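J.: Following the hints, put chain B with the ligands in place on chain A, whose structure we already have.
If you want the building blocks of each chain, they are given just below.
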Amino acid sequence: MLKMNNISKIYRTDLVETHALSGVNLTIEEGEFIAVTGPSGSGKTTFLNITGLLETFEEGQYILDGEDVSQLQDKHLSRLRNEKIGFIFQGFNLISDLNLYDNIEVPLIFRGLSKQTRKQRIEESLELVGLGSRAQHYPAQLSGGQQQRVAIARALAGKPRFLLADEPTGNLDTMMARQVMELLQEINRQGTTLIMVTHDNELAQRAHRNIQILDGQLSDIAKSQLTDLAV
Amino acid sequence: MNDLIHLAWQGFKQKSKLTTLMVANLVIGITLLLTMSTIISQSGHSALSHKLEQLHHVSLNFMDAEFDRRHALRTPPMTYRDAQALTLAYKQGDIDLEGLSFSYTTSFVLDVADKSARPLDATSSAVDRAFFSMMQTPFIYGNVWDESMHDAAVIVLDKKANDHLFAGQNSVGNLVVINNQQLAVVGVIDLSNHTYRFQNISFSNRENDLAFVPLGYATNHNLPRVGYMPCMTKEESSRTGYRQYNMSGLKTAECGFIHTWAEVSPTQSEEQLGNLTLWLRNYTQQQNDQGRFTHTEPYYLQSLKLLHDTIYDFMDWERVYLNFAYLLFAITLVNTVGILLAKNQHRAKLVSLYRALGANRAYIIKIQVLELLISATLAILLGVVGAQLGLYVMYLLALYQMDYVGVAEQVQKLYSMDLFFALKAAGAIYLTILVAGLFPIIKASRIAPASQLRG
Ligand SMILES: Nc1ncnc2c1ncn2[C@@H]1O[C@H](COP(=O)(O)OP(=O)(O)OP(=O)(O)O)[C@@H](O)[C@H]1O
Ligand SMILES: [Mg+2]
Chain A
0 MLKMNNISKI YRTDLVETHA LSGVNLTIEE GEFIAVTGPS GSGKTTFLNI TGLLETFEEG
60 QYILDGEDVS QLQDKHLSRL RNEKIGFIFQ GFNLISDLNL YDNIEVPLIF RGLSKQTRKQ
120 RIEESLELVG LGSRAQHYPA QLSGGQQQRV AIARALAGKP RFLLADEPTG NLDTMMARQV
180 MELLQEINRQ GTTLIMVTHD NELAQRAHRN IQILDGQLSD IAKSQLTDLA V
Chain B
0 MNDLIHLAWQ GFKQKSKLTT LMVANLVIGI TLLLTMSTII SQSGHSALSH KLEQLHHVSL
60 NFMDAEFDRR HALRTPPMTY RDAQALTLAY KQGDIDLEGL SFSYTTSFVL DVADKSARPL
120 DATSSAVDRA FFSMMQTPFI YGNVWDESMH DAAVIVLDKK ANDHLFAGQN SVGNLVVINN
180 QQLAVVGVID LSNHTYRFQN ISFSNRENDL AFVPLGYATN HNLPRVGYMP CMTKEESSRT
240 GYRQYNMSGL KTAECGFIHT WAEVSPTQSE EQLGNLTLWL RNYTQQQNDQ GRFTHTEPYY
300 LQSLKLLHDT IYDFMDWERV YLNFAYLLFA ITLVNTVGIL LAKNQHRAKL VSLYRALGAN
360 RAYIIKIQVL ELLISATLAI LLGVVGAQLG LYVMYLLALY QMDYVGVAEQ VQKLYSMDLF
420 FALKAAGAIY LTILVAGLFP IIKASRIAPA SQLRG
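Chain order of the listed sequences is A and B.
At position 192 of the first sequence (counting the first as 1) the number is 191 in numbering that gives the first Met the number 0, and the numbers step up by one without a gap.
At position 407 of the second sequence (counting the first as 1) the number is 406 in numbering that gives the first Met the number 0, and the numbers step up by one without a gap.
With the rest of the complex left out, here is chain A (with noise of 0.2 Å):
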C-alpha cells in the first residue's frame, strides 16, 4: 500500500520556482490500475517520479508500505527502488552499448541475484513482452514498439510490487499502443499495482481509478468526465 499527505515539490532554478506538485494527498491500494491524466508540464513525471522514490520532496510525507519514505537512507531508498519498484521511463532510456539481455540484467545485477536465477527472469520477461529470440540484439535494431517493450520487460524482470509507466504508449502507434496495454493489463491482473500516466483518454478508460493532474494539483475524476478533458 502506498500513501501521500500533503506532497509538494517546488523546482527552483535562478529564475523561477516551479511548484510542480502541491498538497497532493492520495492512497493507492495493492492491486490497483490507476491512470493518470493531465496536460503537459502539470507534474506528471514529477508525480511518478516521487512516487517511485527517484525524486526528493519537500514537504508532506510518503508512506509505501508502512515505511516512512522521507527518513531513509540512499542505501535503504536504492533497495526499495530496486525491489518494489519497476519503473518504465517516458523515452525508454535503454541502454545503447548493450544489448537486450544486458539492459534487463543491468538492475537485477544491483540486487545482488546469482547469474542463473538473471539469466531465468530475462528470458521469462523477453518470452513476455514477444521478444524471445531477440535477447542478442541492440536497442538500435529493434522498432520504437519494441524498444517499449525491452522497457517494460527490464521493469518487469525484478518482479516490482508497483509498476510505474510514463506515457508507455506514447511514441506508438494505435495498433502497437493496444498491444502494450494489453500486456500492462495482464500484468495487472495478475497482481502487480499499475501506475500509468497517459494522454490516451481510450487507453485511460481501462483503468480502475482516474486521477488528473492540473497545475500540480492532484484530484480523483469519474470516468465519464474525462472525454471532456481531452487534450
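Just so you know, the hints here were simulated from the structure itself, not pulled from any lab data.
The reader is advised that the hints may include incorrect statements.
Unchecked claim - Simulated crosslink set (DSS-like; lysine-lysine; CA at most 30 Å straight-line):
| hint | chain 1 | residue 1 | chain 2 | residue 2 |
| --- | --- | --- | --- | --- |
| 1 | B | K304 | A | K83 |
| 2 | A | K158 | B | K365 |
| 3 | B | K12 | A | K118 |
| 4 | A | K118 | A | K158 |
| 5 | B | K365 | A | K118 |
| 6 | B | K50 | B | K304 |
| 7 | A | K83 | B | K442 |
| 8 | B | K365 | A | K114 |
| 9 | B | K12 | A | K74 |
| 10 | A | K114 | B | K114 |
| 11 | B | K348 | B | K365 |
| 12 | A | K74 | B | K442 |
| 13 | A | K74 | B | K14 |
| 14 | B | K365 | A | K83 |
| 15 | B | K304 | A | K74 |
| 16 | A | K158 | B | K348 |
| 17 | A | K118 | B | K14 |
To be verified - Just so you have them, the derived chain A footprint on chain B, three or more residues with Cβ under 8 Å:
| hint | region |
| --- | --- |
| 18 | 5–13 |
| 19 | 283–295 |
| 20 | 358–366 |
| 21 | 440–451 |
Here the structure is a predicted model, which is why all the values come from computation and not from measurement.
Just so you know, even glycine gets a beta-carbon here, dropped at the ideal spot from N, CA and C.
T.: Showing chain B with the ligands alone in chain A's frame:
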C-alpha cells in the same frame, strides 16, 4: 565482485576515445617517472645497504696544510706507515672494533698457465682477509686464504674473471699467472651486486675488482699502485716510481695508497667510533710534534652512507630530470581528473539510470573505482614496458658517454629496474591515481536518480 568487474569493464569501454586518451596520458607520465626514479634509486643502491652506518672509511690526512680535498671521494688514503701504526694499535687492543681492513688498488694481466684463455687485463685489489667478511660477498667456490697465507701466492677471482679464464668452472686449485708468477686460486666470489666500487672510494660504476690478492704478496711482489695516490708536494717527483716499482721507498714516503675500512657493531657503534676517533686524534697530535699532520683536518672518519650521499649529490642532472618527471606526472594526474570529468559528463545519463534502477551511491563509487583501476593497471603495465625502453636508451647513452671503457654488464645494472622497486612504484602510482580520481567519482555518485531521464 564478478558483476562489479563486469559493469566496470562495460564502463571502461564506454567513450573509448576518452579512455584511450586517459591511458595514453598516464602511460607517458608513468614511463618518465619510472625511468628516472629507477636511475636515481639504483644509483643510491648499495650492496651493503644494511651496513651503511657500520662501515667507516678511515683516513689520516698526512697531506700539506694547503691540501684541498674538494669532496669526500677525494679523501687521501693512508700512508704505509700510518696503516702500520693503526694495525699495531688494533692488534694491541687499544682500539675496539668489529673489524678493520686494509687494501690498495692494483692492476695486472691475468693469464692461465696452459694458455687456454686469452689473458685478461684485470683491475684488482690487494686486500687482507678481513676484507671479505666486510664485503659480505658470497663465495661461489672455495673460500678466503688461510690466516697464514697473508703473503702467499694465492688469489680470489671474481665470477667475471673466472668465467673468462675457466669458463665458469670451479677453478679452486688451478693456477693463474701474474707477471710470470704462479698463483693458486683459492676462491671465486660473485660481485655482481656491487654496482659501485666503494672499496677504494672511487665509487666507479664502470668496473669493479676482477681479482683479489693478499696484501703481503702484493707489497712483496711490487704489484703496482694504480688507484688515487696523493703525495705531499715534496714527494711529487718520486710518485711515478712509487706507483710502479719503488715499494721500499713508498713504505716511508708521504704518499697515501692504502684504503682502510673500520666496521663497528650496530649496538656499540657510538663507543667504538668514539674510541677510534680518540686514537686518531691522539696519534695525529703525537705525530704533529714531528712536523706531520699540519692540515686543519688531520683525520677523516666517514661512514659508507656519507660517501653514498656524496655521489647522490653529484647526480645533478638526474635529479633535475626526476623532479621534472614528478612534475609531468602531476600534470598527467590533473589531465586524468579532467578526462574523467569529461567522460562522466557524457555518461551522466547512464549513472542516473543506474541509480533509478536501484544502484546506491556506494555501488556507483565501487564501479567507477574499479573502472579507474582497470585504466590504471593498463597504464602502469604499459608504463613499465615504456620504462624498460627508456632505461635501455639511457643505458646506451651512458655507455656512449663512457667511450666504452666501462664493463657493459656493470653499467647495465644501474639502468635496470628491480622487481621490488617496480612493485613499490606501481603501488604508489595506483594510490595517487585513485586519490586523483576520487573527486570525479564522488561527483558522479551524486547524480540524482531521475535528473537525467526526463523527456
Ligand atoms: N529539474 C527541473 N527543474 C526545474 N523545473 C522542472 C524540472 N523538472 C520539471 N520541472 C518543471 O516542473 C513542471 C512539471 O514537470 P513534469 O515533467 O512533471 O510535467 P509532465 O506533466 O510530466 O509534462 P509532460 O506531459 O510534458 O511530460 C514543469 O513545469 C517543468 O518545467
Ligand atoms: Mg512527463
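J.: Evaluate each hint against the coordinates.
T.: Quick rundown of the hints versus the structure:
1. B:K304 - A:K83: 68 Å, violated
2. A:K158 - B:K365: 26 Å, holds
3. B:K12 - A:K118: The given pair, whose Cα atoms are some 23 Å apart, holds under the 30 Å limit.
4. A:K118 - A:K158: 14 Å, holds
5. B:K365 - A:K118: 24 Å, holds
6. B:K50 - B:K304: Distance of about 8 Å is within 30 Å: holds.
7. A:K83 - B:K442: Holds, because 27 Å separates the two Cα atoms, which is no more than 30 Å.
8. B:K365 - A:K114: Holds, at about 20 Å.
9. B:K12 - A:K74: Since the Cα atoms of K12 of chain B and K74 of chain A sit roughly 27 Å apart, the hinted pair holds (cutoff 30 Å).
10. A:K114 - B:K114: Roughly 74 Å between the alpha carbons, so the hint for K114 of chain A and K114 of chain B is violated.
11. B:K348 - B:K365: 18 Å, holds
12. A:K74 - B:K442: Distance of about 17 Å is within 30 Å: holds.
13. A:K74 - B:K14: 28 Å, holds
14. B:K365 - A:K83: 23 Å, holds
15. B:K304 - A:K74: Distance ~55 Å between K304 of chain B and K74 of chain A Cα, so the pair is violated.
16. A:K158 - B:K348: Distance ~24 Å between K158 of chain A and K348 of chain B Cα, so the pair holds.
17. A:K118 - B:K14: 28 Å, holds
18. 5–13: Contact hint for the region 5–13 of chain B vs chain A: holds, 5 residues under 8 Å.
19. 283–295: Violated - the region 283–295 of chain B has 0 residues with a Cβ nearer than 8 Å to chain A, which falls short of three.
20. 358–366: holds (count 5)
21. 440–451: holds (count 3)
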